[in-house]
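Line by line, the protein sequences give chains A and B. Quick note on the working numbering: the first sequence kicks off at 168 and runs consecutively. Quick note on the working numbering: the second sequence kicks off at 6 and runs consecutively.
Hints in this document: simulated from the structure, not taken from any laboratory. Where a beta carbon is used, it is the ideal one built from N, C-alpha and C, also for glycine. Possibly wrong hints are sitting among the right ones.
[What the hints assert, rightly or not] So, partial list: chain A residues that the calculated Cβ filter (under 10 angstroms) puts toward chain B: (1) Ala185; (2) Pro192; (3) Ala202; (4) Leu221; (5) Pro244; (6) Ile250; (7) Pro252.
[As the list claims (entries may be wrong)] A short list of chain A residues far from chain B (calculated; beta carbon distances all over 12 angstroms): (8) Leu180; (9) Asn213; (10) Thr238; (11) Thr239; (12) Ser240; (13) Lys241; (14) Lys242; (15) Arg246; (16) Thr248; (17) Asn251.
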Amino acid sequence: MSKKQQIQKNIELSSKLADYLVSNPNIDNKLTGPASYVVFSSTDNNLNTLNTKLITSLLNEGKKVVKAEETTSKKMPWRLTFINP
Amino acid sequence: MNKYKSKSRYRKRGVGTKRNRKFINSFPLSFESGLTTDRLTYSYRRDQTGKVTEVTTVTYDILVEGDWITIVYYDSTHDPKESYLHKHIRVALQNPSDTPTLEGVKRRGNPSIWLTWAINDIKNNFQIYKKNFLKRSNLTDKV
Numbered sequence: 168m169s170k171k172q173q174i175q176k177n178i179e180l181s182s183k184l185a186d187y188l189v190s191n192p193n194i195d196n197k198l199t200g201p202a203s204y205v206v207f208s209s210t211d212n213n214l215n216t217l218n219t220k221l222i223t224s225l226l227n228e229g230k231k232v233v234k235a236e237e238t239t240s241k242k243m244p245w246r247l248t249f250i251n252p
Numbered sequence: 006m007n008k009y010k011s012k013s014r015y016r017k018r019g020v021g022t023k024r025n026r027k028f029i030n031s032f033p034l035s036f037e038s039g040l041t042t043d044r045l046t047y048s049y050r051r052d053q054t055g056k057v058t059e060v061t062t063v064t065y066d067i068l069v070e071g072d073w074i075t076i077v078y079y080d081s082t083h084d085p086k087e088s089y090l091h092k093h094i095r096v097a098l099q100n101p102s103d104t105p106t107l108e109g110v111k112r113r114g115n116p117s118i119w120l121t122w123a124i125n126d127i128k129n130n131f132q133i134y135k136k137n138f139l140k141r142s143n144l145t146d147k148v
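Go ahead and model the full structure; you've got the sequences and the hints to work with.
Here is the structure:
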């Protein structure tokens, strides 16, 4: 996969997560207030390394952070983990 | 030397300290019936030499039922040791959560380059961002 293709795939990944969150509004019920959902790819380790650092920055800014890991399951395409500061 | 001599003449404006001034600007991206429905707002900090030291925020807002809603924004991290630009995309009108990401975001360069890049990204792609947001929010383009 070329770099451009990987970037395009990753851009689609954020949209895919947003679509999933819209389709499952009950997910946010466990949180009080809006949160930042950070995407982790099942294939792109470079993106995951960068986003791990991003989580640290967001926590330092006092934001609620949820780690959203892409899975291969069709029933549960995302594994969501609330990150404690 | 007179110990009571005023030291004010030694403290010239900006000398010895780095003034980190904040700048804010905004401009419309589109018009409809004479009204702005899309706008870009950006704020950044510059030191006394004019060098951009921080991209505070670059936001893309749309007008929805009389209210301005930020649907995409960029900011740089606050860690001075490792600063980089990242993008936040609001999930939907009904869901104010966002998906911060580094994908497709310029990583190399400095805050000045990031600021220009973020502004151009929104100017070039705001219609796509808006279309995706309205679709997730179950809204039509004419809101």
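Status of each hint after checking the structure:
Interface hint at A:Ala185: satisfied, since its Cβ lies 5 angstroms from the closest Cβ of chain B, which is below the 10 angstroms cut-off. Look at A:Pro192: its Cβ gets to within about 7 angstroms of chain B, closer than 10 angstroms, so that hint holds up. Taking 10 angstroms as the C-beta cut-off, the interface hint given for A:Ala202 holds, the closest approach to chain B being about 5 angstroms. Taken as an interface hint, A:Leu221 checks out: its beta carbon lies about 6 angstroms from the nearest beta carbon of chain B, inside 10 angstroms.
A distance limit of 10 angstroms between C-beta atoms decides the matter here; for A:Pro244 the minimum to chain B is near 14 angstroms, and the interface restraint is violated. Here the hint on A:Ile250 is broken, as its CB sits about 12 angstroms from the closest CB of chain B, past 10 angstroms. For A:Pro252, the shortest C-beta to C-beta distance to chain B is roughly 15 angstroms, which exceeds 10 angstroms, and the interface hint is violated. With a least beta-carbon separation of about 7 angstroms from chain B, A:Leu180 fails to lie farther than 12 angstroms from that chain, contradicting its non-interface assignment.
Distance to chain B contradicts A:Asn213 as a non-interface residue, since its nearest Cβ pair spans about 10 angstroms, not more than 12 angstroms. No Cβ of chain B approaches the Cβ of A:Thr238 within 12 angstroms, the least distance being about 17 angstroms, so the stated non-interface status holds. For A:Thr239, the condition that its CB be more than 12 angstroms from all CB atoms of chain B holds, with the nearest at approximately 20 angstroms. Every CB of chain B is more than 12 angstroms from the CB of A:Ser240 (nearest about 20 angstroms), matching its label as outside the interface.
With 12 angstroms as the threshold on Cβ separation, the claim that A:Lys241 sits away from chain B holds: the shortest Cβ distance comes to roughly 21 angstroms. A:Lys242, annotated as away from the interface, keeps every beta carbon of chain B farther than 12 angstroms; the closest lies near 21 angstroms. No beta-carbon of chain B comes within 12 angstroms of the beta-carbon of A:Arg246; the shortest separation is about 15 angstroms. With a closest Cβ-Cβ approach of about 15 angstroms to chain B, A:Thr248 is found to remain outside the 12 angstroms limit, as its non-interface label requires.
For A:Asn251, the non-interface assignment is confirmed: its Cβ lies about 17 angstroms from the closest Cβ of chain B, beyond the 12 angstroms cut-off.
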